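Whole structure, please, built from the sequences with the hints as guidance.
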Amino acid sequence: MNLSPNTYEAQQLFSQYCRDGVYKPIPGVNPARMEHYRRLVFNVVRDNLESTFPILFQQTDEDTWLFWVNDFFQHHNCQATQVWKMGEEFYQYALAQDWQTKYQLPHLRDLLLFEWTEMELYNMPDIPYPAVQAQGSWENNHIALNPEHRLLVFNYPVHQHATITETTTREGHYFVVQYREPAEGNILFVEVSAWLAFVLEQLHNGFTLQDIFPYAPALHIEVNELLVHNTISFLQDMRARKLVLGFAAEV
Amino acid sequence: MVGLGFRRDFAEELIEGKLITPDFVEFAPENWMNMGGYWRKMLHKVVDKYPVLCHGLSLSIGSPDDLDMPFLQQVKDFLDEFQVQLYSEHLSYSKCDNAHLYDLLPIPFRKDAVQHIVQRIQTVQDFLQRPIAMEIVSYYTPVAAEMSESAFIRDIVQQSGCKLLLDVNNIYVNAFNHQYDAKQFIQELPLDRVAYIHMAGHEQVSDDLIIDTHGEAIIDPVYDLFDWTIQHIQPVPVLLERDFNIPEMPALQEELSRLKQICAKHWPAKNELVA
Ligand SMILES: [Fe+2]
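Taken in order, these protein sequences are the chains called A and B. Residue numbering for the first sequence follows UniProt numbering, starting at 1 and increasing by one per position. Residue numbering for the second sequence follows UniProt numbering, starting at 1 and increasing by one per position.
Treat the hints as calculated values from the structure; they're not laboratory data. Hints should not be assumed to be uniformly reliable.
In silico DSBU-like pairs for lysine-lysine, Cα to Cα no more than 30 Å straight-line [as the list claims (entries may be wrong)]:
#1 K102/A <-> K85/A
#2 K18/B <-> K41/B
#3 K260/B <-> K49/B
#4 K242/A <-> K76/B
#5 K183/B <-> K265/B
#6 K111/B <-> K24/A
#7 K183/B <-> K49/B
#8 K45/B <-> K242/A
#9 K242/A <-> K24/A
#10 K45/B <-> K76/B
#11 K183/B <-> K111/B
#12 K183/B <-> K85/A
#13 K49/B <-> K18/B
#14 K49/B <-> K85/A
#15 K18/B <-> K260/B
#16 K45/B <-> K183/B
#17 K45/B <-> K85/A
#18 K76/B <-> K41/B
#19 K260/B <-> K85/A
#20 K45/B <-> K18/B
#21 K183/B <-> K76/B
Some chain A residues judged to face chain B by a derived CB distance under 7 Å, without partners named [claimed, not checked]:
#22 S15
#23 R33
#24 P125
#25 P128
Computed from a prediction, not measured in an experiment: that's the story for all the values here. Glycine residues also receive a C-beta, built at the ideal position from the N, C-alpha and C atoms.
This is the structure we're talking about:
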């Protein structure tokens with residue numbers, strides 16, 4: 001580096017002020033003008049986090065929200081060169097700081113994950129779709145899923161857009177599949193049972209329904225005609241909604 | 001040629017090309033690289049219709065931190081994928097002490113900073129295998145300056161071999177905020193290195209301060225300064241930047257037309273995309 005210690009220090013003081021808003025004199029600077037830098041920088045961060053986490057933002061009182069944004073931006077060194085990716089760092093920071101316990105928000109981890117995943121799926125690079133055919137046997141053929149999906153497991157129903165009280169009083173196991181539909185690139189989600197979550201996971205791993213059904217008893221589920229029928233009709237419904245693409249083309 | 005900075009707000013109108021018809025479009029690579037889905041498709045539709053220039057945000061050429069080479073590789077891939085004809089960036093810094101700030105902070109006008117930046121520009125140009133154009137940014141306070149702004153810029157441009165992006169609105173804003181003469185400042189620049197011009201609107205927030213918002217229409221004094229400036233340089237592409245408070249398309253098209261008329265007045269030959 002060719003910078004002299006004085007130049008380096010002036011740049012550090014300047015950027016530090018933009019992060020924490022605490023002004024320490026910098027040579028040659030007009031202090032009255034500095035607040036504008038702080039405001040402009042902070043607004044970019046705040047706006048970005050508000051659009052990445054709209055549900056959390058809406059559930060949070062303004063003072064707490066501003067405190068969180070400040071705390072994050074001041075103490076965390078943002079690494080993303082693309083501003084929209086800041087949301088993932090905020091999510092990780094909130095977990096590391098254990099805001100969930102500190103603010104008595106047991107659903108916080110689930111909500112951050114749900115909202116961040118939506119942003120990530122919307123923007124992420126395209127994953128090539130597998131070759132599919134329209135006809136096949138639901139039980140015997142390999143079923144091709146839309147590869148642009150995530151299976152999320154929550155302790156609280158954060159995907160149901162309820163109030164904090166409604167959300168946090170319904171602790172349980174919730175399985176949610178979020179995915180990017182191909183036509184418009186919108187992010188959709190569907191809540192599924194533990195069984196269907198297992199089915200989707202195993203289909204994704206390359207197994208057929210015929211391979212998967214024998215594992216149902218281990219999950220305390222009886223294999224009968226109704227289970228087979230309901231599982232297949234779920235997959236048919238998901239094909240209409242573009243989470244299932246069709247039957248994997250036989251090589 | 002007069003172009004328009006690409007925004008999601010008017011992507012469809014741009015692709016349709018009826019209400020708004022720029023000669024080229026400018027992308028900020030950081031807003032689009034490594035992106036799939038809907039917007040990747042839209043970007044390709046834009047590229048099919050318009051020539052594309054790029055204007056980066058996160059290079060942070062004036063930063064004390066090391067250059068981010070993996071990031072530069074991503075920029076390079078983006079420039080290649082979208083057949084970008086010119087890549088420009090800002091003479092500022094946006095990262096310090098290993099943290100991004102997502103805004104353009106002013107660099108101290110100092111000799112050591114010139115040396116530092118010259119080396120970094122050369123590294124970037126070698127890596128990207130193309131010259132880059134550096135933009136004179138708007139700033140609201142000088143920082144630890146020991147030389148004039150124009151000497152600082154001149155030294156960087158001459159020693160690094162980079163080109164210059166002249167944002168006429170920024171110069172108007174800076175001249176107002178720091179009480180200097182905009183025309184005299186422009187005359188002190190290496191005008192033969194200008195490869196690209198930006199034009200935008202701003203917001204005056206107090207008696208003595210203008211903030212460069214890109215959220216208003218261009219004001220007449222900035223058109224006048226543009227009219228005067230381009231008489232001193234070779235034809236280059238001119239870009240209208242409008243990032244916030246987006247108006248109806250006919251209003252934007254009117255701004256594009258007015259810029260075109262001024263170009264036609266002084267630049268009889270068509271201003272080629274890359275000077
Ligand atoms: Fe600009």
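Pairwise hint evaluation, K41/B against K18/B, where the allowed Cα distance is 30 Å at most = The given pair, whose Cα atoms are some 20 Å apart, holds under the 30 Å limit.
Starting from K242/A, check that the Cα of K76/B is at most 30 Å away, please.
-> With Cα atoms ~34 Å apart, K242/A and K76/B exceed 30 Å; violated.
Decide if the proposed pair is consistent with the structure: K183/B and K85/A, CA atoms, cutoff 30 Å inclusive.
-> violated, 41 Å
May I ask you to test the interface hint for R33/A with respect to chain B, counting a Cβ-Cβ separation under 7 Å as satisfied?
-> holds, 4 Å
Should the interface hint for P125/A be scored as holding, given a Cβ-Cβ cut-off of 7 Å against chain B?
-> holds, 4 Å
Given the hinted pair K260/B and K85/A, is their alpha-carbon gap at most 30 Å?
-> Not satisfied, since the Cα-Cα distance of roughly 37 Å exceeds 30 Å.
K183/B and K49/B: Cα distance at most 30 Å?
-> violated, 36 Å
Taken at face value, is the distance from the CA of K76/B to the CA of K45/B at most 30 Å?
-> holds, 20 Å
Holds or violated: K183/B to K111/B, with C-alpha atoms at most 30 Å apart = holds, 24 Å
Given the hint that K242/A pairs with K24/A, does the C-alpha gap stay at or below 30 Å?
-> Roughly 56 Å separates the two Cα atoms, so the pair is violated.
Measure nothing beyond the straight line between the CA atoms of K260/B and K49/B; if it is 30 Å or shorter, mark the hint as holding.
-> holds, 19 Å
Under the criterion that the straight-line Cα-Cα distance not exceed 30 Å, is the pair K111/B, K24/A satisfied?
-> OK: K111/B and K24/A at ~24 Å, within 30 Å.
Violated hints, listed in ascending order, are 4, 7, 9, 12, 16, 19, 21 and 25; each of the other numbered hints is respected by the structure.
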